[in-house]
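**Q** Top to bottom, those sequences are chains Y and G.
In terms of UniProt numbering, the first sequence opens at residue 1 and continues consecutively.
In terms of UniProt numbering, the second sequence opens at residue 1 and continues consecutively.
Because the hints were derived from the structure by calculation, they are not lab data.
Hints are not guaranteed to be accurate.
Identical copies carry no separate label here, and so any pair may be met within one copy or between two of them.
[As the list claims (entries may be wrong)] Okay, derived cross-link-like pairs now, EDC-like style, lysine to aspartate or glutamate, Cα gap no bigger than 16 Å in a straight line:
(1) K86 to D45
(2) K86 to D135
(3) K3 to D46
(4) K125 to E212
(5) K56 to D184
(6) K343 to D185
(7) K3 to E269
(8) K56 to E272
(9) K343 to D122
(10) K56 to D279
(11) K3 to D37
(12) K3 to E268
(13) K56 to D122
(14) K56 to D185
(15) K3 to D45
Protein chains: 2
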Amino acid sequence: MSKSFFPPQRTLMGPGPSDVSPRVLAALSRPTIGHLDPEFIGLMDDIKGLLQAAFKTGNELTLPVSAPGSAGMEAVFSNLLEAGDKVIVCQNGVFGGRMQENVERCGATAIMVQDDWGLPVDPDKLEQALVSNPDAVAVAFVHAETSTGVRSDAQALCALARQFDCLAIVDAVTSLAGIELCVDDWGIDAVYSGTQKCLSCVPGLSPVSFSERAITRIRNRRQRVQSWFLDMNLIMDYWGGDSKRSYHHTAPVNAMYALHESLLMVQEEGLEAAWARHDHHHQAFVAGIEALGLSLIVSPDARLPQLNAVEIPPGIDEAAVRRHLLQSWNLEIGAGLGSLATKVWRIGLMGHAANQQNVLLCLSALGSTLQSMGAAVNPDAAMAAAHEFYSV
Amino acid sequence: MSKSFFPPQRTLMGPGPSDVSPRVLAALSRPTIGHLDPEFIGLMDDIKGLLQAAFKTGNELTLPVSAPGSAGMEAVFSNLLEAGDKVIVCQNGVFGGRMQENVERCGATAIMVQDDWGLPVDPDKLEQALVSNPDAVAVAFVHAETSTGVRSDAQALCALARQFDCLAIVDAVTSLAGIELCVDDWGIDAVYSGTQKCLSCVPGLSPVSFSERAITRIRNRRQRVQSWFLDMNLIMDYWGGDSKRSYHHTAPVNAMYALHESLLMVQEEGLEAAWARHDHHHQAFVAGIEALGLSLIVSPDARLPQLNAVEIPPGIDEAAVRRHLLQSWNLEIGAGLGSLATKVWRIGLMGHAANQQNVLLCLSALGSTLQSMGAAVNPDAAMAAAHEFYSV
Numbered sequence: 001m002s003k004s005f006f007p008p009q010r011t012l013m014g015p016g017p018s019d020v021s022p023r024v025l026a027a028l029s030r031p032t033i034g035h036l037d038p039e040f041i042g043l044m045d046d047i048k049g050l051l052q053a054a055f056k057t058g059n060e061l062t063l064p065v066s067a068p069g070s071a072g073m074e075a076v077f078s079n080l081l082e083a084g085d086k087v088i089v090c091q092n093g094v095f096g097g098r099m100q101e102n103v104e105r106c107g108a109t110a111i112m113v114q115d116d117w118g119l120p121v122d123p124d125k126l127e128q129a130l131v132s133n134p135d136a137v138a139v140a141f142v143h144a145e146t147s148t149g150v151r152s153d154a155q156a157l158c159a160l161a162r163q164f165d166c167l168a169i170v171d172a173v174t175s176l177a178g179i180e181l182c183v184d185d186w187g188i189d190a191v192y193s194g195t196q197k198c199l200s201c202v203p204g205l206s207p208v209s210f211s212e213r214a215i216t217r218i219r220n221r222r223q224r225v226q227s228w229f230l231d232m233n234l235i236m237d238y239w240g241g242d243s244k245r246s247y248h249h250t251a252p253v254n255a256m257y258a259l260h261e262s263l264l265m266v267q268e269e270g271l272e273a274a275w276a277r278h279d280h281h282h283q284a285f286v287a288g289i290e291a292l293g294l295s296l297i298v299s300p301d302a303r304l305p306q307l308n309a310v311e312i313p314p315g316i317d318e319a320a321v322r323r324h325l326l327q328s329w330n331l332e333i334g335a336g337l338g339s340l341a342t343k344v345w346r347i348g349l350m351g352h353a354a355n356q357q358n359v360l361l362c363l364s365a366l367g368s369t370l371q372s373m374g375a376a377v378n379p380d381a382a383m384a385a386a387h388e389f390y391s392v
Numbered sequence: 001m002s003k004s005f006f007p008p009q010r011t012l013m014g015p016g017p018s019d020v021s022p023r024v025l026a027a028l029s030r031p032t033i034g035h036l037d038p039e040f041i042g043l044m045d046d047i048k049g050l051l052q053a054a055f056k057t058g059n060e061l062t063l064p065v066s067a068p069g070s071a072g073m074e075a076v077f078s079n080l081l082e083a084g085d086k087v088i089v090c091q092n093g094v095f096g097g098r099m100q101e102n103v104e105r106c107g108a109t110a111i112m113v114q115d116d117w118g119l120p121v122d123p124d125k126l127e128q129a130l131v132s133n134p135d136a137v138a139v140a141f142v143h144a145e146t147s148t149g150v151r152s153d154a155q156a157l158c159a160l161a162r163q164f165d166c167l168a169i170v171d172a173v174t175s176l177a178g179i180e181l182c183v184d185d186w187g188i189d190a191v192y193s194g195t196q197k198c199l200s201c202v203p204g205l206s207p208v209s210f211s212e213r214a215i216t217r218i219r220n221r222r223q224r225v226q227s228w229f230l231d232m233n234l235i236m237d238y239w240g241g242d243s244k245r246s247y248h249h250t251a252p253v254n255a256m257y258a259l260h261e262s263l264l265m266v267q268e269e270g271l272e273a274a275w276a277r278h279d280h281h282h283q284a285f286v287a288g289i290e291a292l293g294l295s296l297i298v299s300p301d302a303r304l305p306q307l308n309a310v311e312i313p314p315g316i317d318e319a320a321v322r323r324h325l326l327q328s329w330n331l332e333i334g335a336g337l338g339s340l341a342t343k344v345w346r347i348g349l350m351g352h353a354a355n356q357q358n359v360l361l362c363l364s365a366l367g368s369t370l371q372s373m374g375a376a377v378n379p380d381a382a383m384a385a386a387h388e389f390y391s392v
C-alpha cells in the first residue's frame with residue numbers, strides 16, 4: 001500500500017528546479033477553477049502582461065506553453081520551420097544539440113556552428129556560416145547555456161541574424177529574469193524559457209514570445225504545424241486579445257497561479273534589480289569558491305551568475321560529494337552534463353535561491369565535505385572571503 | 001500594478017477540471033525537490049505502480065506525460081505512427097476529430113468511421129472499415145466522449161482491432177477511474193488520459209500506457225518520432241526500471257506530488273468502488289433531472305455517469321444560465337461543443353466531485369435558475385426525486 005509523499009526540505013542549488021518561494025507554493029495550491037472561467041481569463045491577461053515585462057517585449061503573442069521548457073523549444077521550432085528549411089544552429093553545450101534535434105525532426109536542415117563547451121558562441125563563426133548559407137531562414141542559439149554556465153552575446157548574434165534577414169531564435173530558459181534579456185531591443189523573433197530557473201516557479205510551464213515577423217511566418221505556413229498541441233495558430237485563439245476564447249486544451253490552471261505569483265515577485269523587486277541581485281550573490285560565491293581553492297571553468301566575462309560551473313578537484317569522487325551534500329545537508333547541486341560530466345559541478349543561484357544564506361550554506365557545505373574527503377581546500381578562507389564580500 | 005490572484009471557490013461540475021480534493025491541493029504545494037533526487041525517483045516508481053493499477057495493466061511503459069491530455073494524445077499518435085501509415089479513426093464527437101488531426105499531422109492517413117454525436121461508436125461500421133482497409137495499422141477511438149457524454153464499447157472495439165491485427169488506441173481522458181477500463185483484459189495497445197477528470201487532480205499531466213506490442217513498434221521505427229519532447233524512446237530512459245535515470249526534460253515535480261495523492265485516493269477507495277460511486281450519483285442526478293422536466297440526449301445504456309449531456313429547454317438562453325450559475329452559485333457547468341453547442345449543457349460528476357452534495361446543489365441551482373427564466377420545470381419534484389433516491 002502506498003502512502004502520502006512528504007518530500008524532504010531541500011535547498012535547490014542545481015541547474016533547476018530552483019528553490020520555490022513559499023508565496024509561489026501557496027498560490028499553487030489555491031482552489032482550481034475552470035480554464036474558461038472569466039476569472040481565469042482575467043488571470044491569463046495579467047500573466048501575459050507580466051511576461052511581456054519580464055521579456056521586455058511588446059509582442060502580442062507572449063504566453064506560457066502548457067509544458068516544460070523542452071516543449072517551449074519544440075513550440076518555437078515546429079511553428080517556425082517547415083520541411084526543407086535551413087537553420088543555422090550555434091552549439092556550445094547540451095541545449096544547442098537539442099535545438100539540432102528539434103530542427104531535424106521538423107524535416108529541416110541544421111547547419112551547425114560549433115564552439116567548445118565552456119566558451120560563448122563566436123559571432124565571427126556565425127557570420128561565416130551566414131555568408132556561406134544565404135538560404136538559411138533562421139539563426140538559433142542558447143543565451144544562457146545551462147550545461148556549461150556560459151552567457152553568449154545575444155544582442156550581437158541577433159544583430160547578425162537580422163543583417164542576413166534571418167529570424168533570431170533564442171533559448172532563454174536559464175536567462176529570463178536572471179541576466180539582461182531585451183527581446184524587442186535585441187530583435188529577437190522567437191524566445192522560450194522555463195519557469196523553474198530564475199523565475200523560481202515550479203517546473204512545468206514554458207513562457208514563449210513571438211515577434212510580428214515570426215507570427216507572419218506562422219500564419220503563412222504551407223504545411224500545418226506538425227504538432228497539434230503546440231500549434232500557435234490554434235493557441236492564439238485561446239490566448240487572443242478578444243473576450244471570445246476558443247477552447248484548445250485544458251490549461252494547467254494551478255501552475256498558472258504559481259507562474260503569476262512568481263512574475264509578480266519579479267515585478268515587485270524590479271527586473272533590473274533582480275538581474276543585479278543575481279550578479280551580486282554570484283560575485284560573493286566566486287570570491288568564496290576561489291578562496292576555497294577551486295575555480296570556475298568559464299572566463300569572468302562570459303560567466304552566468306545564475307549557473308556556476310565549478311571544476312572538480314583531482315582525485316575527488318564527484319558523485320559522492322553530491323550524495324553527501326544531499327544526504328547530510330539537504331543541499332542539491334548539479335552534476336556535469338555531456339562532455340563535462342565528472343569534470344564540473346553546476347551550482348545554481350537562481351531566482352529566489354540567489355541569496356546570501358544559500359551562498360554561505362553552499363560554501364560551508366562544499367568546503368567541509370571536500371576537506372573531509374582529503375581535497376586540498378581551505379574552508380575557513382572561503383567563508384572569510386564571502387563574509388568580507390557581504391560586509392563591504 | 002498586478003496583485004496576487006485569489007480565485008473564487010467554485011464547485012466544478014463541467015467537463016473538467018473537476019473539483020480537486022484538499023488533500024491533492026495540499027500535496028501540490030509541498031516543497032519542490034529536484035527531478036533527479038533519489039526521493040523523487042522513488043515517487044516516480046510509486047506513481048507508475050498506482051497508474052498501472054488504475055489502468056488495470058501490467059504495462060511496463062506506464063507514466064504521466066508532462067503536459068495535458070492533448071499532449072498525451074499526441075504522444076500516442078506521434079510515437080506509434082509513421083508517415084504513410086493508415087489508421088482507422090472512429091469519430092462520434094469532438095475528440096475523434098482531434099485524433100484525425102493528430103494522425104494527419106504525423107503524415108499518416110485517417111480513415112474516418114463516423115457516428116452521430118450522441119451515439120456510441122458502431123462496431124459494425126468499424127468492422128466494415130477494417131475489411132475494406134486491410135493495410136490499416138491501428139484503430140483509434142474515444143472510450144468516453146467528453147463532448148457528448150457517450151460511452152463506447154471499448155472491449156468490443158479493441159477485440160475487432162486485434163482480430164484484424166491492428167493496434168488498439170484508446171482515448172481514456174474522461175474514463176480513467178470513472179467507469180470500467182481494463183487495459184490488459186481488453187487488449188488496449190496504447191491509452192492516454194488526463195488528470196483533471198475522474199482522478200480529480202489538477203490539470204496538466206496525461207497518464208499514458210503502452211503494451212509490449214506498441215513498444216516493439218516504437219523501438220523499430222524507420223523514422224524518428226517527430227516530437228523530441230514526446231519521444232518515448234527517450235522518455236523510457238528517464239522512467240525506466242533501473243536506478244540509472246537519464247535526464248530528458250525537467251519533470252513537473254509538484255504536479256507529480258498531486259497526481260500521486262489523487263491516485264492514492266483511488267487506491268484507498270478501491271477502483272471498482274470509485275466506478276460504482278460515479279454510477280450511483282449519476283443515477284441520483286438523472287432521477288432529479290428527469291423529475292425537473294429535462295432529459296439527457298444519450299440513451300441510458302450508453303451514458304457516461306461522469307458526464308451528463310442535458311438537453312437545453314426551448315427558448316432558454318443557455319449561456320445566461322451558465323453565467324447565472326457561476327455568478328450566483330459559484331457553480332460551473334459546461335457548454336456544448338461543436339455540433340452540440342447551444343443544444344446541451346455538459347454536467348460533470350467526476351472523481352471527488354461525484355458526491356451527494358454536488359448532485360443536490362446542481363439540481364437546486366439549475367432548477368431555480370430555469371424557473372426564474374420562465375422554463376417549464378419542477379424544482380421541487382427534482383429535489384424530491386433525488387432525496388428519495390439517496391434515502392433508499
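**Q** With reference to the structure, classify each hint as holding or not holding.
**A** Results for each hint:
no.: 1; hint: K86 to D45; in the structure: neither (35 Å within a copy, 41 Å between copies)
no.: 2; hint: K86 to D135; in the structure: within (7 Å within a copy, 35 Å between copies)
no.: 3; hint: K3 to D46; in the structure: between (38 Å within a copy, 9 Å between copies)
no.: 4; hint: K125 to E212; in the structure: neither (28 Å within a copy, 47 Å between copies)
no.: 5; hint: K56 to D184; in the structure: within (6 Å within a copy, 51 Å between copies)
no.: 6; hint: K343 to D185; in the structure: neither (37 Å within a copy, 50 Å between copies)
no.: 7; hint: K3 to E269; in the structure: between (40 Å within a copy, 13 Å between copies)
no.: 8; hint: K56 to E272; in the structure: within (11 Å within a copy, 53 Å between copies)
no.: 9; hint: K343 to D122; in the structure: neither (23 Å within a copy, 61 Å between copies)
no.: 10; hint: K56 to D279; in the structure: neither (19 Å within a copy, 52 Å between copies)
no.: 11; hint: K3 to D37; in the structure: neither (34 Å within a copy, 19 Å between copies)
no.: 12; hint: K3 to E268; in the structure: between (39 Å within a copy, 10 Å between copies)
no.: 13; hint: K56 to D122; in the structure: neither (25 Å within a copy, 54 Å between copies)
no.: 14; hint: K56 to D185; in the structure: within (8 Å within a copy, 54 Å between copies)
no.: 15; hint: K3 to D45; in the structure: between (39 Å within a copy, 13 Å between copies)
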